[in-house]
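> Listed below are the residues making up each chain.
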Amino acid sequence: MKKKVKVLKIDLDKCVGCKACEVICSAFHAAPKYSLTSPEFSRIRVFRDELRGTFIPVKGSFYTKAECPSRVVYFQNENPLSDWKRETYVVCSMCGAACPSRDLFKEPGTGLPLKCDMCESDPPLEEPMCVKWCFVNAITHEEFEEEVREEVELEELDMALESLVDRYGWEKVSNAFGRMLFSKMGEGGL
Amino acid sequence: MRYGERGVSLEVDLSTGNIEKVETPPEWTELFLGGLGINAKLMWDRVGPEVEPFSPDNILIFSAGLLVGTPAFGANRTIITSISPQTLYLGFSMLGGHWAAQLKLAGYDQIVVKGRAPHLVYLWINDDKVEIRDARHLKGKSTYETMELIREELRDPRVEILAIGLAGENRVYFSSIETYRGSASRLGLGAIMGDKNLKAIAVKGSKPVNLYKPGPFVEVCERVRDYIIYRLNNPIKGVPPILAYIGSPQEMKLYDEQWHLENFAWGHARVRRKGVWTKEVEERFAQVQRNAIKKYVGCYNCPVGCAATLALPGMPNYILKCYSKLTYLMAAMVDDLEFGLRIAARAQHYGVDGFTTPQVMAFAVELYENGILTDQDMPGFPSDPQERFFWLLDRIVRREGIGDVLAKGVYWAAREIGRGAEKFDHNTTRKHEQMTIKLGMLNPIYFLMYATGEKGNITQIEGQLPQAPLPREYREEFVRDWPQLPTGKEERFKQFILEWGDGDKVFPFYPPPDLCCELVEWQEIMHYIDDCTGICAGLSSFPIKPPYHIHNLPLLISYATGIEMSEEDLWTAATRVRNLVRANNIRRGLRREEEKPPEDHWKKRFPEYEQELLTTYYRYRGWNEEGIPTKETLQKLKLDFVAEDFIKRGILKE
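Just so you know, the sequences run in chain order A and B. The opening position of the first sequence corresponds to residue 111 in the working numbering, with each subsequent residue numbered one higher. The opening position of the second sequence corresponds to residue 38 in the working numbering, with each subsequent residue numbered one higher.
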């Protein structure tokens, strides 16, 4: 089966840390649309360190593994005009919010998680609003089709197990499960 | 519920530690818009003409413009107002960056600070929670160090901070208030902050700003966005590169500095150096700049990114603004951008104005070379021009020796030094250092702007127009597409561009006085609107053909606030604010005799004609022979309270 995939791409050299993406994201997702503006409600946030010249936009995403690509991918470039090593980040999509930033993507007041939905709307937008507002093209968006295996809808229990596997690995989870099974059997429970 | 704005003022008395949240009258928005307008009203109401700048009774207002916090691109300016220690008039200086947006998001339009804290403190505003915190450990810290330390202390990198450096603490008359990307430099408001023992204001907010008609508002923003992109890709033809684009201006992205270096005067605003911009200089400057730039930096909600983080070996990082990259090197007569950037780094960490400071230092060098200041006054004064500037800067901000006198600026220092030093005070107007430009023929438009612009800085009144006649081949194209023109003036202003420079249509008698008045009014009004809305002049009043203009600004204000505002209404409101600013100064003694550009600004002067120009302009603005707004003007502008006060004080007759 083919599936349409939309991704945000980020060019860190071009980001000036202006938060225009935060502004319009929060406004777009307000009800009624655009009636409220506050970066604290945004599903994209920019990590800014002006004095060191570092600006990294991060989006609030669905479940992501606790690993921030920025730690691995972005590092100082020897080219004085560029802060970032180009060949590494052109291949990377914009990182989803991972462990250190998760707290950012909670709606003030309610605490509900804020997740990027690529500005899904009816009729659909040409591009997500953060892309539109970022006219220096630090954030761009790409759409492509990807062959995907037909996935079976996961039950709640499966999802819980899968996240345990993600966190601890197959081996630990199956060992733990085995131990539990064993002890239950010992108690004559099963 | 109030839309666009907050309607809440945070009142802080540093003497008593009292903090109050006060609602501002809703009708003020329609009358004074916001930003500078409301600042001027508060200053009028609370700071009488008898109040000295360095007095606990002087207030210091930090205001977020009316549209700050909305999705309008570039609406991010903080407008700071107090009585200037240098001019003794209303001082209003602005800065960009991210601070104003956080103030608005925290729930306030402005902070009004009065009194004086018993020791150094800083203010920490986190939505409703407001604290006055001890800042004694920050004493002597640089502007950027202070910001970094406070972010660390509050354990939050998202806090936005305004801070003063050593200069402000020591009440240097031209100290600035800095944020990461932005500095309110002119007129010495950093010294007022220092006098109040207020080292910094940290703010963070999370409350959404509401829009009255959100859909239409964002539609206007989208058109503004399209025009920004258009202008970034379509420079104006027939003007120097630095004037051809939009932004604040694009000093970090452009390398071609022929216009500044050859047309502006070097030293203590003395020498023009035609031919200094050689291929070799150009290459060297470009290389230094490229090596120094670490990253382009934008203000809140504006991807244009006019500033840059600079990293120079052996210097702390800083973010450079505007053309202060050239002011120090030109004043020191050093053809080396590396020096310019290095001394600007130190100056910004100290927190001083990048326009006045180099001039004060060049003035000191001039006095030394003319034997008015001697080795006795300046023991150990180096002979190398670069070292001299660092030497002077260090002493000025610490107020050591001669630095203590120089810290008051050229006007006051000249009088204190005496011995003929007054003669060297040749480039100030209203006691404030002006742009270092020395030209040939009187320019009647600029004459009026220098004479009457109460912000004290030509860049805060000029805009919209080329500064010299366009080459003929570009004129038709220029006027064909000029949507920024005010209604009713289209044909007149287009005709001006088409004719200007032809035959006898040259300075000083062209444009004629009545046309000069209209052109000056338009340029100034657009600036006053920006000062009220908080929209950056780099996208609005300063460049030629800006994205914001008199046709889309009233829409944004209406859609944001719900106040019906036509083009005419907005023009009137800005005129009201302009007159209220003048009223504050008139009450403090401003009169016609102080309204003059530096005497040597042009070689060819026409004293009688200049006075005719000034009189025509005063009449055009509804001011009397002394430049005082008349009773009729004030009443028409609903400034009856000013008229009453003027009559009571005998400034106006019944």
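Honestly, the hints are just simulated from the structure, not real lab data. This one's a predicted model, so the numbers in the text were calculated from it and none came from an experiment. Hints are not guaranteed to be accurate.
[As the list claims (entries may be wrong)] Pairs of lysine-lysine, PhoX-like flavour, derived with a Cα cap of 25 Å:
| # | chain 1 | residue 1 | chain 2 | residue 2 |
| --- | --- | --- | --- | --- |
| 1 | A | Lys124 | B | Lys250 |
| 2 | A | Lys225 | B | Lys241 |
| 3 | B | Lys250 | B | Lys176 |
| 4 | B | Lys250 | A | Lys143 |
| 5 | B | Lys331 | A | Lys124 |
| 6 | A | Lys242 | B | Lys316 |
| 7 | B | Lys582 | A | Lys242 |
> Hint by hint, note whether the structure agrees.
So, going through the hints one by one against the coordinates:
1. Pair hint lysine 124 (chain A) plus lysine 250 (chain B) does not hold up; C-alpha atoms about 32 Å apart against a cutoff of 25 Å.
2. Distance hint between lysine 225 (chain A) and lysine 241 (chain B) is fulfilled; the C-alpha atoms sit about 23 Å from each other, no more than 25 Å.
3. Restraint check: the Cα-Cα separation between lysine 250 (chain B) and lysine 176 (chain B) comes to about 47 Å, which exceeds 25 Å; the hinted pair is violated.
4. Taken as a hint, the lysine 250 (chain B) and lysine 143 (chain A) pair is honoured in the structure, with Cα atoms around 10 Å apart against an allowance of 25 Å.
5. Proposed proximity of lysine 331 (chain B) and lysine 124 (chain A) is supported: the alpha carbons are some 12 Å apart, at most 25 Å.
6. About 40 Å separates the Cα atoms of lysine 242 (chain A) and lysine 316 (chain B), which puts this hinted pair outside 25 Å; it is violated.
7. Restraint check for lysine 582 (chain B) and lysine 242 (chain A): the C-alpha separation of about 23 Å stays at or below 25 Å, so the hint holds.
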